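Participant: These are the residues of each chain, in order.
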Amino acid sequence: MTTAPEAIVGEYKWGFYDPEEALFKANKGLSREIVNIISDMKGEPQWMREFRLRALEIFWQKQDPPWGSPQLKEINFDDIHYYVKATDRDERSWDDVPEYIRRTFDRLGIPEAERKYLAGVGAQYDSEVVYHNIREDLEKQGVIFLGTDQALKEHEDIFKEYFGTVVPPADNRYAALNSAVWSGGSFIYVPKGVKVEIPLQAYFRINTQNMGQFERTLIIADEGSQVHYVEGCTAPIYRSDSLHSAVVEIIVKRGARVRYTTIQNWSNNVYNLVTKRAVAYQDAVMEWVDGNLGSKLTMKYPSVYLMEPGAHGEILSLAFAGKGQHQDAGGKIVHAASNTTSTIISKSLSKDGGRTSYRGLLKVYEGCENVKSTVRCDALLLDEESRSDTYPTMEIDAPDVHIQHEAYVSKLGEDQLFYLMSRGLSEEAAAKMIVNGFVEPIVKELPMEYAVELNRLIELQMEGAVG
Amino acid sequence: MTSTTEERVRIAAAAQALGEQLGDPAWLARLRAEAAALADELDWPDSYQSRPWKYYDARSIDLARYPVEQDESIAVEADDAVTVTTHGFAEGATAERLAQRLGSAVAAGTDRFTALHYAFLREAVIVDVPANAEPATPVRIRRSVSGAQLTTPHTVIVTGPNSRVTVVEEYTSDEAEILAVPVAEIFPGPGSEVRYYVVHRWGPATRSFGYQRMLGAERDAAFQNLQLVLSGSVVKGQLESSLIGRGTASELLGLAYGRGEEYVDFYTLQDHIGPDTRSDLLYKAALRDSARSVYYGLTRVGLEAKNADANQENRNLLLSKTARADSDPVLEILTSNVIRASHGATAGPVDEEQLFYLQTRGIPRPVAEGMLVWAFLEDVVARVPDAGLREELLGLLEAKVRGS
Numbered sequence: 008m009t010t011a012p013e014a015i016v017g018e019y020k021w022g023f024y025d026p027e028e029a030l031f032k033a034n035k036g037l038s039r040e041i042v043n044i045i046s047d048m049k050g051e052p053q054w055m056r057e058f059r060l061r062a063l064e065i066f067w068q069k070q071d072p073p074w075g076s077p078q079l080k081e082i083n084f085d086d087i088h089y090y091v092k093a094t095d096r097d098e099r100s101w102d103d104v105p106e107y108i109r110r111t112f113d114r115l116g117i118p119e120a121e122r123k124y125l126a127g128v129g130a131q132y133d134s135e136v137v138y139h140n141i142r143e144d145l146e147k148q149g150v151i152f153l154g155t156d157q158a159l160k161e162h163e164d165i166f167k168e169y170f171g172t173v174v175p176p177a178d179n180r181y182a183a184l185n186s187a188v189w190s191g192g193s194f195i196y197v198p199k200g201v202k203v204e205i206p207l208q209a210y211f212r213i214n215t216q217n218m219g220q221f222e223r224t225l226i227i228a229d230e231g232s233q234v235h236y237v238e239g240c241t242a243p244i245y246r247s248d249s250l251h252s253a254v255v256e257i258i259v260k261r262g263a264r265v266r267y268t269t270i271q272n273w274s275n276n277v278y279n280l281v282t283k284r285a286v287a288y289q290d291a292v293m294e295w296v297d298g299n300l301g302s303k304l305t306m307k308y309p310s311v312y313l314m315e316p317g318a319h320g321e322i323l324s325l326a327f328a329g330k331g332q333h334q335d336a337g338g339k340i341v342h343a344a345s346n347t348t349s350t351i352i353s354k355s356l357s358k359d360g361g362r363t364s365y366r367g368l369l370k371v372y373e374g375c376e377n378v379k380s381t382v383r384c385d386a387l388l389l390d391e392e393s394r395s396d397t398y399p400t401m402e403i404d405a406p407d408v409h410i411q412h413e414a415y416v417s418k419l420g421e422d423q424l425f426y427l428m429s430r431g432l433s434e435e436a437a438a439k440m441i442v443n444g445f446v447e448p449i450v451k452e453l454p455m456e457y458a459v460e461l462n463r464l465i466e467l468q469m470e471g472a473v474g
Numbered sequence: 009m010t011s012t013t014e015e016r017v018r019i020a021a022a023a024q025a026l027g028e029q030l031g032d033p034a035w036l037a038r039l040r041a042e043a044a045a046l047a048d049e050l051d052w053p054d055s056y057q058s059r060p061w062k063y064y065d066a067r068s069i070d071l072a073r074y075p076v077e078q079d080e081s082i083a084v085e086a087d088d089a090v091t092v093t094t095h096g097f098a099e100g101a102t103a104e105r106l107a108q109r110l111g112s113a114v115a116a117g118t119d120r121f122t123a124l125h126y127a128f129l130r131e132a133v134i135v136d137v138p139a140n141a142e143p144a145t146p147v148r149i150r151r152s153v154s155g156a157q158l159t160t161p162h163t164v165i166v167t168g169p170n171s172r173v174t175v176v177e178e179y180t181s182d183e184a185e186i187l188a189v190p191v192a193e194i195f196p197g198p199g200s201e202v203r204y205y206v207v208h209r210w211g212p213a214t215r216s217f218g219y220q221r222m223l224g225a226e227r228d229a230a231f232q233n234l235q236l237v238l239s240g241s242v243v244k245g246q247l248e249s250s251l252i253g254r255g256t257a258s259e260l261l262g263l264a265y266g267r268g269e270e271y272v273d274f275y276t277l278q279d280h281i282g283p284d285t286r287s288d289l290l291y292k293a294a295l296r297d298s299a300r301s302v303y304y305g306l307t308r309v310g311l312e313a314k315n316a317d318a319n320q321e322n323r324n325l326l327l328s329k330t331a332r333a334d335s336d337p338v339l340e341i342l343t344s345n346v347i348r349a350s351h352g353a354t355a356g357p358v359d360e361e362q363l364f365y366l367q368t369r370g371i372p373r374p375v376a377e378g379m380l381v382w383a384f385l386e387d388v389v390a391r392v393p394d395a396g397l398r399e400e401l402l403g404l405l406e407a408k409v410r411g412s
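Read top to bottom, the protein sequences are chains A and R. Note that the first sequence covers residues 8 to 474 in this note's numbering. Note that the second sequence covers residues 9 to 412 in this note's numbering.
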């Protein structure tokens, strides 16, 4: 099974790889057979197998969207391993995780972070979740935090009630693909009134070359509850590309509050095509904090459907595109009820010929009254070769609304640089300082440890930005 | 959905017959035949594939309902300093000049509408402004269409170096079912200034699909355009400003007051290609009843467009529960060497605080609302520098607003 992957050593700190020691690696290519194998190996109920096979038919019928990046055409769906199982157990103790995998997560600093400041941690390695743990006190209060596969086994009733209801397989081509071959991801249920004060984190790692990771996350925040979920992701740099296509579904019930934070730092050979959507009911608050720094091409537009009065949606999006990268990110807010409010703030940075695109949707349905929304997109271009786009679609079918949208694209200001340099800063330090100021509204929303991490990632991207 | 065999035979034959009847010179016969072939080949724009057509499904158009026989009158007024010719394309000096320009800014192959336009073209109005000329009065073109038909008005504006001209074009039509495909091509000379104001007063059953392109190939030209939409069942326009010559500038203004089921839909492109180019855009719509406005506009700053300055604003006032507005101002910035690239969009009702303020000054609510709507609209017309024209355009607007 073990092949020698062609990994490239470079500046990407997380680019190391483990020799592939998978227990099972499905042959490349997509077929009904592969889907059946995945379902068999997981021992799933029949309804899930049928759901997968239905989704596969939908995937085969669906086209890429006409506005999608031309790079999508480069994805060879026959050259991907759709399922790679490194271990057959989802452990609750790091000691029980196979040593080479544990080493990987140690190097990524996950167990240490768990000890220090997390309420629970999940870790996924290729297709399967290898570790999930949650603090005992939370577990006693009824909080469920499991790998999605395990949750299907242990909590089928609640799982079946919500799974696929927020993002149906026919939503788009990559949601259909995920629905057919999904594996891993996190399942979170927070009971009524329970407030999880410190974050739960999941960490996703792709190790195998030409791998497709298709995790599926489902979060249900019951009435009046609260949870903050953080995810991070990395992969080795191989000469050939990998595909990451996740689906995230979130249900925020009456008066509940969910924040979902992503620091996406895939290596530059990963196509990151993700569908993330939340529905928010009466007086609920849903917040997406979405930082995209890695990947070759990201297409991801976290969305919030505001279903009942008083619901509030918020999207903070940060994208940094360096050489050879296209960050096509943004957000969607759909106002489907009166007295709902939303904010989208997007900050994009492009450097070394990288391209950032803000793509959004703001929709207000007919009959919704007293709707307020603000969309603000700022882009900073760090050199002449880089590119920035803003595609902010607004569809307003109701009159009693206040909708504002503004976008501003600028270059790294020479006068700002000059001022800082006249105070004795080097050009590079001055540029970093300006960039830090630019992204500050997003970074300040992160827990401290992540803010530090994000600043460090930006600094790495900024190396050699000037001169 | 390609055209049916029957439709195909009809388009090609009808176009050829029209050309023979008009006595096409060779160049035009060629253009017409090519356009007819394209009209056969091309499908109607697809709402899914073609972004400017997202909200309008052109496949509902049945060409058989629009005979190509035309009943159109054109009245032109112009100062002596300008040559304005209305063409039935007889051979001659201006025809040759026209041959070079016609179809060079708005290509027949743009889509099926433009293909139909050139296949069934009957005449073109050419405004030819010599170097350094500054006509004292605006050139006026009044076109009036009656009876069910496909109409294809074409306007060409060519200006010599350092000239300055204002052209006001007005479209009217009667109650019949009319499909209009107007095309305007504007070629400003170096250092010249062109102001082109278009007033849409179409009849209640007219659907208009217009195309306009300012080809700013020369240095330091300035273009100002206003699309004032007062009536029509569907008024859809595709407007491009190609800013190629160094220092060339474009200001695109649009204003619609929609009532009933009126549908107004504009696609704009501020295309910065050359250095030091500037563009500004202000599109506003105030919508009553079930009127609907769609705005999709693209500001593109190309790699060579150093020091570009681009702004784009779309504002919508929703005055009834069933009015709707869709807005998508898009930026595509390929170089960081820009002075400014910004856009803004808003949608909402009349501002409550402003209403309240006026009411505290003793102004009844309906009157206050009327004042604020008027202020919203007037703001666009206020950008027309010529005081006389400004009053005239505001007069037309006022008549429309009062009519509601």
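It should be emphasised that the hints constitute simulated quantities derived from the structure, not laboratory data. All figures in this text were calculated on a predicted structure; none of them were measured in a lab. No residue lacks a Cβ here, since even glycine has one placed at the ideal position from N, Cα and C. Treat the hints with caution; some may be incorrect.
[Unchecked claim] Incomplete in silico selection of chain R near chain A, CB under 8 Å:
1) D228
2) Q232
3) N319
4) N324
5) L326
6) A333
7) E340
8) T354
9) P357
[Said to hold, decoys possible] Below, simulated DSBU-like cross-link-like pairs (lysine-lysine); rule was C-alpha separation at most 35 Å, straight line:
10) A:K379 with R:K408
11) A:K80 with R:K62
12) A:K370 with R:K62
13) R:K408 with A:K418
14) A:K202 with A:K160
15) A:K80 with A:K69
16) A:K379 with R:K62
17) A:K35 with A:K123
[To be verified] Chain A is faced by these chain R residues, among others (derived, beta-carbon under 10 Å):
18) R59
19) V84
20) L295
Participant: All the hints need checking, so say for each whether the structure fits it.
Facilitator: Against the structure, the hints come out as follows:
1. D228: violated (24 Å)
2. Q232: violated (24 Å)
3. N319: violated (10 Å)
4. N324: holds (7 Å)
5. L326: Given a least distance of 4 Å, the restraint on R:L326 holds.
6. A333: holds (5 Å)
7. E340: Result: holds, 5 Å to nearest chain A Cβ.
8. T354: Holds, because the Cβ-Cβ distance from R:T354 to chain A comes to roughly 5 Å (cut-off 8 Å).
9. P357: Holds, because the Cβ-Cβ distance from R:P357 to chain A comes to roughly 5 Å (cut-off 8 Å).
10. A:K379 with R:K408: Distance of about 30 Å is within 35 Å: holds.
11. A:K80 with R:K62: holds (23 Å)
12. A:K370 with R:K62: holds (15 Å)
13. R:K408 with A:K418: violated (44 Å)
14. A:K202 with A:K160: Judged against 35 Å, a Cα distance of about 26 Å means the pair holds.
15. A:K80 with A:K69: Measuring from Cα to Cα gives roughly 14 Å; hence the hint holds.
16. A:K379 with R:K62: holds (25 Å)
17. A:K35 with A:K123: Given pair A:K35, A:K123 is violated - Cα atoms ~40 Å apart, limit 35 Å.
18. R59: Where the cut-off is 10 Å and the nearest Cβ of chain A is about 7 Å from R:R59, the hint holds.
19. V84: At about 40 Å, which exceeds the 10 Å cut-off, the nearest Cβ of chain A leaves the hint on R:V84 violated.
20. L295: Status holds, d = 8 Å.
The structure fails to meet hints 1, 2, 3, 13, 17 and 19 from the earlier list, while all remaining hints are met.
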